[in-house]
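Visitor: The residues making up each chain are set out below.
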Amino acid sequence: MTEVTPLVEFRGIARRYGEGDAEVRALDGVDLAIAAGEFVAVMGPSGSGKSTAMNIIGCLDTPTAGEYLFDGVSVSGLDRDARTILRRSFLGFVFQGFNLLPRTSAQENVELPLVYRGVGAAERTALAREALARVGLQGREHHVPSALSGGQQQRVAIARAIVTDPMLLLADEPTGNLDTRTSEEIMALLTELNTERGITVVMVTHEPDIAAFAHRTIRFKDGRVDSDTATARAA
Amino acid sequence: MLWETLLLAVRTIRRNTLRSFLTVLGIVIGVAAVIAMVTVGNGATAKITSELSSMGNNLLFARPGQMGPGAPSSSARSFTLADADAIRADVGGILAVAPVSQKSVAVVAGSESRTVGLVGTNADYLTTQAWSVSSGRNFTESEARAGRSVCLIGETVRQELFGTADPVGQTIRVKNIACPVVGLLVERGESTVGSDRDDTVIMPLRAFQRRIAGTTTVDTILISARDGVDTGKVQAAVEDLLRERRDILAGDDDDFSVRDMRQLVQTMTATTTILTGLLGAVAAVSLVVGGIGIMNIMLVSVTERTREIGIRLAIGALEHQVLTQFLVEAVVLSLFGGLIGILTGLSLAYGTARLLSVPFIVDPTIVALAFAFSALVGVAFGFFPARRAARLDPIEALRHE
Ligand SMILES: Nc1ncnc2c1ncn2[C@@H]1O[C@H](COP(=O)(O)OP(=O)(O)OP(=O)(O)O)[C@@H](O)[C@H]1O
Ligand SMILES: [Mg+2]
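The listed protein sequences correspond, in order, to chains A and B. Counting from 1, position 76 in the first sequence corresponds to residue 76 in this note's numbering; the numbering is continuous, with no gaps. Counting from 1, position 366 in the second sequence corresponds to residue 366 in this note's numbering; the numbering is continuous, with no gaps.
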């Protein structure tokens with residue numbers, strides 16, 4: 001993969017909050033490259049900058065210094081709407097905490113990214129049903145989030161992230177609120193999306209068992225990359 | 001996309017029905033007030049205008065005392081029949097002159113009785129009122145001169161005393177005087193102030209003075225100018241004559257007044273217009289207050305829904321898409337308020353029009369204007385909250401509890 005353009009490339013990325021004595025260096029000069037098709041786990045202690053890095057990869061946030069290239073194209077000069085268009089065209093985001101719209105059915109939650117992309121109602125319904133079926137939620141389309149278990153809500157969130165057929169799926173602690181069995185089901189789903197649909201997956205986790213599902217583990221510490229290792233795949 | 005946004009807005013508003021209703025109450029009151037006032041005002045103006053044409057053309061009337069908004073002052077000398085005769089004899093360009101005295105008396109026919117407004121006048125009276133009989137005849141000038149007690153009755157009096165029977169040729173008793181009915185008057189309906197103009201009996205002035213009132217005074221002299229004659233000149237001539245007859249020296253104030261009916265109506269119409277305008281302005285202010293109410297609740301809504309907005313922005317909503325969503329919500333709210341306001345205002349106007357017996361005339365321009373204005377209020381006051389929502393930072397918003 002030497003000469004291939006990485007899907008995600010960080011060049012000296014820094015993200016600082018506040019000024020002077022109160023300055024927090026959430027990211028402090030990060031170089032990083034993730035190729036298309038990879039399944040990457042991001043680990044590190046709390047406050048080490050994992051979510052900050054994910055937000056920058058997901059074009060939700062902009063670095064204070066350094067350059068971020070997505071598929072070889074610099075994102076730095078883009079304004080908010082342009083970044084939104086980039087995000088909704090190529091990225092799927094599974095947030096820390098499910099972040100589904102309350103009192104809104106699973107079907108409608110999954111349709112939401114398509115609504116903003118201007119997809120027609122009939123096509124939307126079909127795509128959302130397909131995405132929900134893929135995460136194993138057929139028959140639950142009309143349930144509202146409060147009527148679903150934690151694992152099911154996370155599946156809805158994943159369905160919402162993949163309904164636009166993204167190149168890159170970002171998941172910030174996708175199993176953070178789930179028990180071991182449900183966590184493994186979710187990981188099986190992410191693995192399947194990675195291997196069968198070729199979606200690049202970047203996932204933040206605190207648990208080594210979960211990280212073991214990935215091919216590669218990047219460890220953050222104090223806003224820097226501490227280690228970057230290939231993982232022996234779980235059996 | 002706009003349709004989706006509209007549905008979403010309606011759904012969000014319905015989720016909080018009571019709050020939405022309270023939010024738009026200001027708009028409802030403002031719009032209802034505008035609609036009710038303008039509608040009733042239009043009805044009143046139409047009524048006055050139609051009365052002007054039914055009043056007989058070019059009508060002047062003279063009354064003792066200075067005429068202000070109140071009644072003639074009691075100290076002023078009354079007119080007499082001779083004054084009316086002098087006007088008819090000396091002033092040019094006149095079609096009809098009618099001296100008029102009025103009194104409320106009981107009339108009886110058989111076992112039925114009723115208290116009516118009795119008018120003592122001459123044969124010209126009907127001309128000045130542009131009125132006529134529907135059956136029988138007017139009394140003649142010679143009957144009037146002779147002071148014969150004959151009478152004309154209005155439609156209401158007919159119904160009360162004779163039912164559907166023809167009253168002509170029958171005799172009624174007016175304050176114990178036997179009085180043959182020679183004519184039945186054409187039905188006229190209510191006046192501006194709501195009195196029934198058909199609830200009247202008319203008899204020759206001399207008979208009225210001698211047998212009913214026991215005086216020789218005249219309350220009012222009605223003067224109809226001929227068509228094409230300048231009523232201002234007639235008015236001046238009548239004033240000169242009356243000053244002379246009443247020995248008023250040059251430089252002294254008149255102790256009587258002569259008014260042109262048309263001027264009076266114009267003054268009244270102008271007053272109604274000013275009043276309608278003023279009340280409309282007050283109503284417009286309440287619309288603005290209503291708009292501030294909407295802005296307030298939209299700001300609360302944006303804060304409450306910060307997380308939802310964060311999700312939408314993170315998931316791919318562009319700034320203008322979020323802006324549109326909240327703007328549409330504000331406009332739907334205010335239009336909903338405007339609609340309720342229009343319905344309320346129209347029912348209010350309908351009730352008031354019935355009560356004041358003015359016609360109920362709906363002006364579609366005002367209704368459309370009120371609707372457009374409430375939409376405008378929604379856009380104007382919804383914009384600031386909507387922009388605030390659109391500019392939220394998605395990361396911050398997602399972190400919001
Ligand atoms: N909006 C902000 N203002 C100030 N400091 C911030 C802000 N967001 C994050 N930080 C700081 O940046 C650092 C990195 O935060 P980040 O959320 O990336 O950590 P994390 O690795 O995801 O931690 P966790 O495992 O607890 O989720 C932390 O010290 C945090 O306090
Ligand atoms: Mg985090």
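Hints listed in this document are in silico derivations from the structure and should not be mistaken for laboratory results. As the structure is a prediction and not an experimental result, all values here were calculated from the model. Glycine is no exception: its CB is placed at the ideal position from the N, C-alpha and C atoms. Among the hints, a few may not be true.
What the hints assert, rightly or not - Example chain A residues on the side facing chain B (calculated, C-beta under 10 Å, incomplete):
| no. | residue |
| --- | --- |
| 1 | S51 |
| 2 | R103 |
| 3 | P113 |
| 4 | R160 |
To be verified - Some residues of chain A that are not near chain B, with every Cβ distance over 12 Å (derived):
| no. | residue |
| --- | --- |
| 5 | G77 |
| 6 | A82 |
| 7 | E108 |
| 8 | E111 |
| 9 | A126 |
| 10 | G176 |
| 11 | T191 |
| 12 | D226 |
Visitor: Now tell me if each hint is right for this structure.
Guide: Hint-by-hint comparison with the structure:
For A/S51, the suggested interface contact is upheld, since its CB lies about 9 Å from the closest CB of chain B, less than 10 Å. The closest approach between the C-beta of A/R103 and any C-beta of chain B is roughly 7 Å, which is under the 10 Å cut-off, so the hint is satisfied. The interface hint given for A/P113 is met, as the beta carbon of that residue sits about 5 Å from the closest beta carbon of chain B, less than 10 Å. Interface hint status for A/R160: upheld, as the beta-carbon distance to the closest one in chain B is roughly 7 Å, under 10 Å.
At roughly 18 Å from the closest C-beta of chain B, the C-beta of A/G77 stays outside 12 Å, upholding its exclusion from the interface. Remark: the non-interface label on A/A82 conflicts with the geometry, its nearest Cβ contact in chain B lying 10 Å away (cut-off 12 Å). Annotated as non-interface, A/E108 brings its C-beta within 12 Å of a C-beta of chain B; the closest such distance is 10 Å. Chain B draws A/E111 into its interface by the beta-carbon criterion, the shortest separation being 10 Å against a cut-off of 12 Å.
With a least CB separation of 17 Å from chain B, A/A126 remains clear of the 12 Å interface cut-off, as annotated. Non-interface status of A/G176 relative to chain B is upheld: no Cβ of that chain comes within 12 Å, the nearest being about 15 Å off. Interface exclusion of A/T191 from chain B stands, the closest Cβ pair being 24 Å apart, more than 12 Å. With a minimum CB-CB distance of about 24 Å to chain B, A/D226 clears the 12 Å threshold, and the non-interface call stands.
Hint check: violations occur at hints 6, 7 and 8; the rest are consistent with the structure.
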